[in-house]
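Chemist: Listed here are the chains, written in short residue letters.
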Amino acid sequence: MISITKLEKKFGRLNVLRGIDLDIHPNEVTAVLGPNGAGKTTFIKSLLGLVKPDSGSISIRGKAINGDAEYRSRIGYMPQSARYPDNLSVHEILEMVKDIRGATDDTDEELFHAFNLKTELPKKFKTLSGGNRQKVSAVLAFLFKPDILFLDEPSAGLDPVSSSCLKDKIAREKEAGKTIILTSHIMSEIQELADKVVYILDGVIHFETTVGSLLESTGEPTLERAIARKMKGAA
Amino acid sequence: MNTNTLKLIKYQLRDVMRSRWVIFYLLFFVLVTDALFRFGGTGDRVLLSLMNIVLLVIPLVSIMLGTMYLYNSREYTELMLCQPVKRQQMFTALFSGLVLPLSATVAAGISLPFIWNGVFISHFSALVYLLATAVGLTIIFSALAFAIALLTEDKIKGLGLAIVLWLFFAVIYDGLILLVIYMFSHYPLQQPVLVISMLNPLDLARIALLIQFEASTLMGFTGAVFQRFFGSGTGQLTILLVMLTWIGIPLGWAARRFVQKDF
Amino acid sequence: MEFAMKNLSRRIFILLFLLLFAGSSLLAAPSASPSAEREIRVSGNIAKAVENARPGDVLRIVAGLYEETEITIKTSRISLLADPGAIIDGGGKGHIFIINADSVTIDGFKLRNTGLSHVRDWAAIRVESAVFAEIRNNELENNMFGIYLSRTKDSLIENNRISGGGDRESNSGNGIHLFDTERIQVRGNIIQHHRDGIYLEFAKEVRITDNKATDNRRYGLHYMFSKDSEYSRNEFRRNNAGVAVMYSQNVDMSGNIFADNLGPASYGILLKDIDNSLIGNNHFLNNTIGIYSEGSNNVRVEHNRFERNGWAVKIWANSTRNVFTGNAFTDNTFDVATNSSRHYNTFERNYWSAYDGYDLEGDGIGDVPHRPVRLYSIIVERNPIALILHRSLFIDFLDLAERVMPALTPQTLVDDYPLMKSPLP
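Residue numbers (our numbering), protein chains in the order written: chain Z, 1 to 235; chain B, 1 to 263; chain W, 1 to 425.
Honestly, the hints are just simulated from the structure, not real lab data.
For glycine and all other residues, C-beta sits at the position ideal for the given N, C-alpha and C.
Wrong hints could be hidden among the right ones.
[Claimed, not checked] Ranges of calculated distance between the beta carbons of each label pair, as one might list FRET restraints:
| hint | chain 1 | residue 1 | chain 2 | residue 2 | range |
| --- | --- | --- | --- | --- | --- |
| 1 | W | Met405 | B | Phe184 | 21 to 31 Å |
| 2 | W | Ser117 | B | Gly248 | 55 to 65 Å |
| 3 | W | Gly91 | B | Phe184 | 17 to 27 Å |
| 4 | Z | Gln80 | B | Leu13 | 22 to 32 Å |
[Claimed, not checked] Calculated lysine to aspartate or glutamate pairs in the DMTMM-like style (CA-CA distance at most 20 Å, straight line):
| hint | chain 1 | residue 1 | chain 2 | residue 2 |
| --- | --- | --- | --- | --- |
| 5 | B | Lys261 | B | Asp154 |
| 6 | B | Lys86 | Z | Glu95 |
| 7 | B | Lys86 | Z | Glu70 |
| 8 | B | Lys261 | Z | Asp68 |
| 9 | B | Lys157 | B | Glu75 |
| 10 | W | Lys212 | W | Glu141 |
| 11 | B | Lys86 | Z | Asp68 |
| 12 | Z | Lys52 | B | Asp44 |
| 13 | W | Lys48 | W | Glu68 |
| 14 | B | Lys261 | Z | Asp99 |
| 15 | B | Lys7 | Z | Asp168 |
| 16 | B | Lys7 | Z | Asp105 |
| 17 | Z | Lys45 | B | Glu153 |
| 18 | Z | Lys10 | B | Glu153 |
| 19 | Z | Lys45 | B | Glu78 |
| 20 | B | Lys7 | Z | Asp202 |
| 21 | B | Lys7 | Z | Asp21 |
| 22 | Z | Lys40 | B | Asp262 |
| 23 | B | Lys7 | Z | Asp99 |
| 24 | Z | Lys52 | B | Asp34 |
| 25 | Z | Lys10 | B | Asp34 |
| 26 | W | Lys93 | W | Glu67 |
| 27 | B | Lys86 | Z | Asp99 |
| 28 | Z | Lys167 | B | Glu78 |
| 29 | W | Lys110 | W | Glu67 |
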C-alpha cells in the first residue's frame, strides 16, 4: 500500500499540490485524472522521487521514501515517451537497466516476446519508431516483476494489437496483487482497466471513487460522460 | 566509487563515444596538429601553436557542448532517476560521460600526430604538460557548463549564458586587467595583477603554459617576477590548487542543485 | 720591349737582395744564439728553470703536480711546453704565470687555483707589455682570471679550456681579459663560469673566432672602446646577460650563434654607441632580446636568423641609419619593438613569419607592406606588467584593430618588400 498524507508542493508562487491525502491499494488499478495543469504530473513525479515535496509524506508499506533510492527497485515505470541514450542499442538498454537493478535471471519477458522485439535488439535507440520505443519502455516497466507499476499514457503510440497485449498484461498483473497507477487521456481505456478513479483539480483531490459507483451515481453509460456530468454538477 | 556509478558511467561512455561530436572533435585535433607538423615542422613550434588552439578551442567547446549535453540528457536522466539510482550517482555519471571522452579525445587527437611524426618521446614532458592543462580546462569549463544548465531550464538562455561566460573569461576579463594596469600604473602592481590573473582559470592556464613554452618572453623585466613565482614548486602547486578550486566550486554547486532539484 | 727589360732587371735586383739578406742571417745566427734548439726537461721547480733559461730554450715540463705561484718569465723567446698531466696549482696565493718578455709560448698546462683577491686581479696567465705571446692548449680551472693580457700586441690565444670556479660573482674575474691590446687572435677557446667570458677594452684589430662562451655570470663577450675588430663563428649560450658591444667602431660580427641568453637584462647582443659595423649571418635563438640597440648608427644587420626570441630586435629611437635586410624573423613574440613613433632606420626585404599578406604576382615579395611593431609591444614598453596578457585573445583583438586603423605604432617602421619565404636555409 502507498499512503500519501498532506502532500504539498509549490513551484515559485504557484501552489501545485495543496495537501493531497490518498491511499493506493494493491490488487487495484488506480487511475489519476485531472485537467492539464491540475498537478497530476507533479503528483506522480513526487511518488517517483523526481519532485521533492515541500511537506507531507509518502510511504510505501509503512516506510517513508524520503531521499532513498532503493524503494524504486520495487517500482516499474513506463513514461509517456521514453528517451534512452541515442547511440545504445535496444539490447544494450535492456542490459543497462538490468545491470543497474542488479537483476537476477528471474525476469518477466512476457511482453518482450508478445511484442516481438527480438528483431529490434541490435538497432540503435535513435533509429526506433515511436511505437517501438514505447514497447521497449513497457517491457522495461514489467521486466523486474515490481510490486508497483506507474503507467503514464501506456497505450499512446501503440498499434491496436500491442495495445491490447499491454492491457491484458496490466489486468493479469493486477490479479497477481500488484499496485498499479495509471494516467490516460483515453477514458474508455480507464473504464476498461481501472478500479478506482482519483480526480485531481487545482492541487487537491476533487473526488476519489470506484469506477462502478461513479457510473452508478451519475447514471451515465461511459466514464467520460460520468466525469463530465460530475464536474458540471460541481461547477 | 559506487558500483552503480561505474555501471552508469560505462553505458554513458558507450553512448557518447559513438556520437558524432566526439568523432569531429578527435578529427579536429588530429588534423590541426598534423597540419601544424606539415607546415611548421619541428615539435617545439607545433607545441607553441597548439598552445593557442588549446586556450581558444577547449574552453569554448567544453562550455558550449557541456551545456547542450546536459540539456539533451534531461529525459534520460529522469528515466534513470526512476530506477534505484541515487542522484549523486547519476550526476557523477553524467559529468564523467562528458569530461572523460572530451579529455581522451583531446589527448589522443594531439598525441597521435606526435607519435607518427616521431617526436612523441622527445617532447614527452612538454606534451604531458600541455595535455594536463588541456584536461584541466576541459574539466573546469565542463563544470561551468553543468552549473549553467542547472541554473536555467531554458536552453537558449543557457547557451547564451555559456557564450557570455566564455567571452568574459577569454576576452573581457583581460581587457579589465589591462584597464587596471593603465589606471594604477603608478602603484606597485605586480602582486595584485598576479592575483587577479589567477582568479581567471583561462588566464591561469595561459600563464602556466607560457612559463613552460615561452619562457624567453616572460623573462623580461617584470616577467622574471612571474617566472620566479609560477616556475617554482609553490607556484606550480598554487596553479594546481586554483584549478582545483575552479573545478570544485561550480561542480559542487551544480551537484547540490542536481540533488535538490525537481525534475 | 724597353719596358719588359726594365721589369726584368728589377726582378733580378729583388732576387739578389733576398739572397744577400738570407746569407747574412745564416751567418749571424750562431753568434746571436750559440745553443739554439736547446730543449730542457723540467721536473722540479719551474720558476727556477725559467730563471735559468736562455732565449730560444724550450722547457719541457714533465707530468706531475707543481705547487708554485708567480712564475715570472723575463727572458724572451722561450717556450714552456707541458707534457700531458703537468699541473700547476697556485694554492690561492696569486698569479701563476707572469710574462714580461716577448715571444713566450705557454702550451699544454693545467693551471688551477689562483685564489681570489679584492685588491689585485690574479690570473692564471698574465701577460704584461709583450709581443708575440702564444698561449695554447691549456686547461684553466678555478682561477680568478684565466688569461689576462695588458698592453700586449700580436699575440695568440688558442684552444684553451677555461672554467671559472664557484659562484662568487663579486670578485670573480674574466675568462680572457684583453686590456689595451692590438692584433690579438683569440680562437677555438671554450670559456665557462667566469664573470665575462671574453672581455676587451681598448682593443684594436682583434680577431675573436670559433670560441664558445657559455654559462658566464655576466657577458659571454664584453667589448668596449675597441675598433676595427672582428668576432665570428663564436657560440654564446646561457650567459646571464649575453653579449655587450659598447662604444666601438668598425666591428664585424658574423656567423655567431647567440642562444638561450635568458633573463630580465639578457641580450643576444647589446649594442651601445656602435658605428659602422656589420652584424651578418648570425643565429639568434631563444633569447629574451635578440639585438638591443641604443645609440648605434650605420650598422648593417643582414642575413641573420631570429628565432623564438622574446624580442628579436629592440631598437631605441636614438639609433639611426641602421639597415635590416635579408633577415628571417621566425616565431618571435615581438619582432621589432621601439620606444618612439619616429625612427630613422630601414627594414627591407626581410622574411617575417608573422606576415599575413599575399603575393599575387608570385615574385616572392608580399604585395602588402609589413609593419613589424605590434601595438602590444608598445603597451608592454609602457607597462611591462602587461606581459602577463601575452597570447590572450583580447590582445589579438587589440593588435588586429591597430592593424586595421593604425594609431600608435610607428608608421615609418615598415618593410615595403617583405619576403614570402625565408631567404636563409
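Chemist: Of all the hints numbered above, which does this structure not satisfy? Sort the numbers upward.
Modeler: 3, 12, 14, 15, 20, 21, 24, 25, 28
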